[in-house]
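From first to last, the protein sequence lines are chains F and Z. Residue numbers for the first sequence, in the working numbering: 120 to 432. Residue numbers for the second sequence, in the working numbering: 567 to 815.
Take the hints with a grain of salt, since some may be wrong.
Straight-line alpha carbon distances no greater than 27 angstroms define the calculated DSSO-like cross-link-like pairs of lysine-lysine that follow [what the hints assert, rightly or not]:
| hint | chain 1 | residue 1 | chain 2 | residue 2 |
| --- | --- | --- | --- | --- |
| 1 | F | Lys-388 | Z | Lys-586 |
| 2 | Z | Lys-791 | Z | Lys-653 |
| 3 | F | Lys-388 | F | Lys-398 |
| 4 | F | Lys-295 | Z | Lys-568 |
| 5 | Z | Lys-568 | Z | Lys-586 |
| 6 | Z | Lys-791 | F | Lys-388 |
Don't read these hints as lab results, they were simulated from the structure.
Chain by chain, the residues run as shown.
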Amino acid sequence: MASLVIAEHDNKSLKEATGKVVTAAAQVSAPVHVLVAGQGADAVAAAAAKLSGVEKVLLADDALYAKMVAETMETLILSVADKYDAILAPATTNGKNYMPRVAAKLDVPQISEIIAVESPDTFQRPIYAGNAIATVQVGSAKKIITVRTTTFKSAGEGGSATIEKVATGGDPGLAKFVGEELSKSERPELTSAKIIISGGRGMQSGENFHLLDKIADKLHAAVGASRAAVDAGFVPNDYQVGQTGKVVAPELYIAVGISGAIQHLAGMKDSKVIAAINKDDEAPIFQVADYGLVADLFKAVPEMDDELTKMGY
Amino acid sequence: MKVLVPVKRVIDYNVKVRVKADQSGVDLANVKMSMNPFDEISVEEAVRLKEKGKATEVIAVSIGPQQASETIRTALAMGADRGILVKCDADVEPLAVAKILKAICDAEKPTLVITGKQAIDDDSNQTGQMLASLLGWAQGTFAHKLDLGDGTAQIEREIDGGLQTVEVKLPAVMTVDLRLNEPRYASLPNIMKAKKKPIDEKSPTDYGVDITPKLKVLKVSEPPKRQAGIKVKTVAELLDKLKNEAGVI
């Protein structure tokens with residue numbers, strides 16, 4: 120049989136998460152097909168067709184799929200599910216939204232947020248906010264899987280898959296998209312940034328996050344936050360790094376004024392290098408940081424900005 | 567309208583989780599257990615709907631061992647009206663939970679089911695969506711704000727890029743995120759009152775649901791530990807290390 124990967128995209132460009140799920144899918148069941156559900160998403164389908172290891176791209180192009188509403192995604196995925204023994208989606212807020220609906224209708228369990236494929240029926244997934252790793256084996260003929268994308272390398276380019284249009288799955292008429300407020304930023308997205316600088320409760324206000332913006336601009340970094348900073352209203356929810364927010368694994372993670380609650384560590388401890396600035400030398404963040412600086416962030420961060428300027432950033 | 571609130575008894579979120587030496591699971595012996603924090607937010611939202619006169623009855627459901635009745639009592643002390651305990655000692659997977667909840671929805675006919683987006687033990691993030699699918703209902707997951715209308719509801723959702731609003735046809739399932747509200751603490755008089763509220767005891771077989779696990783847990787292990795690194799003295803030293811030692815800037 121084959122596996123089907125549900126593409127993550129914004130109708131204009133294919134998100135890197137898709138390539139990572141393709142890598143996981145190839146380890147579960149080859150060949151790999153990719154389903155692009157969107158509106159005016161030809162460029163997305165073309166990009167998916169270039170991913171190495173992809174044999175075919177299914178394109179469902181209709182206004183129904185402009186925002187990947189879960190109920191319409193369910194009917195679409197079910198309409199093509201027969202041909203696949205594994206269906207995989209990234210564990211983004213989209214994938215988490217529609218995939219369990221598909222699993223329930225197929226009467227099979229879903230394996231959420233896998234971090235490794237041990238064999239085609241055995242997977243590792245984090246539980247208890249990443250404090251334990253469960254190795255689970257699934258017996259069902261059809262496997263429904265969401266993939267934590269930080270642990271898989273993206274399938275490179277080099278493929279030349281065919282693109283096949285598929286019919287829509289119809290509109291169940293249950294839910295409709297009304298509107299959205301997306302954070303506008305020229306900076307890279309948290310989940311794909313090479314460098315992230317995050318602020319915690321120690322930032323004291325949303326205003327003070329501008330201190331981090333300056334550093335982020337110099338290093339081409341994304342800006343994140345701990346749950347405490349989001350709950351305090353300093354920054355919007357989409358900044359949140361942690362088990363219930365975004366899980367990230369950049370080359371460099373700079374934690375500023377973040378104490379290091381378990382929940383936060385679960386979202387960033389796979390970063391290659393972690394640097395932490397905190398005035399409390401007992402803060403748990405220092406137990407995972409490669410480089411720790413005990414200092415008042417309101418002195419250290421402006422100083423970092425000056426030093427970076429001197430270094431030519 | 568009735569609101570159904572499924573609540574799960576889980577390890578308290580302040581407890582340090584320990585993996586058992588034989589890798590059979592996580593040590594839950596003599597560990598403090600509490601209501602899943604996301605479910606507290608759902609109970610709060612349901613109770614607020616009742617206080618605003620929009621809901622007539624709030625029913626708390628828990629599927630788990632006898633002690634899960636304590637979790638239901640917590641919901642009753644917060645303001646839920648009655649409880650249903652579906653007793654079973656084994657772990658129940660999200661799909662089976664959703665099937666039991668579907669049977670309860672068929673019997674109780676709630677207009678809204680409000681539950682946490684995920685439980686902090688198995689972190690599956692599936693039950694609400696599966697329930698909505700089995701019922702053929704709409705869903706509003708990761709809810710940030712609820713605006714209840716006539717026959718429909720607008721739900722603002724926390725998504726990767728920011729916030730998204732969907733309009734769902736009622737009845738519907740809503741799963742809640744952290745910022746929907748701040749759950750109240752139950753007052754002593756309300757805790758006392760909750761003791762008199764009824765809890766029905768049921769079993770999965772009453773609903774004709776087979777709870778045999780479909781996933782086999784081969785082992786539960788410790789995640790790889792990260793070693794603490796070094797402390798640097800100055801910002802200049804930190805940047806020097808990041809550039810010349812780690813090579814990441």
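To see whether the hints hold, each was checked on the structure:
The suggested pairing of Lys-388/F with Lys-586/Z holds, with an alpha-carbon distance near 22 angstroms, which does not exceed 27 angstroms. Only pairs whose Cα atoms come within 27 angstroms are accepted, and Lys-791/Z paired with Lys-653/Z is rejected, the gap being roughly 37 angstroms. A hinted pair counts as satisfied when its Cα atoms are at most 27 angstroms apart, and Lys-388/F with Lys-398/F qualifies at roughly 20 angstroms. At roughly 23 angstroms between alpha-carbon atoms, Lys-295/F and Lys-568/Z fall within 27 angstroms of each other, so this suggested pair holds.
A distance of roughly 42 angstroms separates the Cα atoms of Lys-568/Z and Lys-586/Z; the hinted pair therefore is violated under the 27 angstroms criterion. At roughly 9 angstroms between alpha-carbon atoms, Lys-791/Z and Lys-388/F fall within 27 angstroms of each other, so this suggested pair holds.
Figure legend: structure checked against the earlier numbered hints; hints not met, in rising order: 2, 5.
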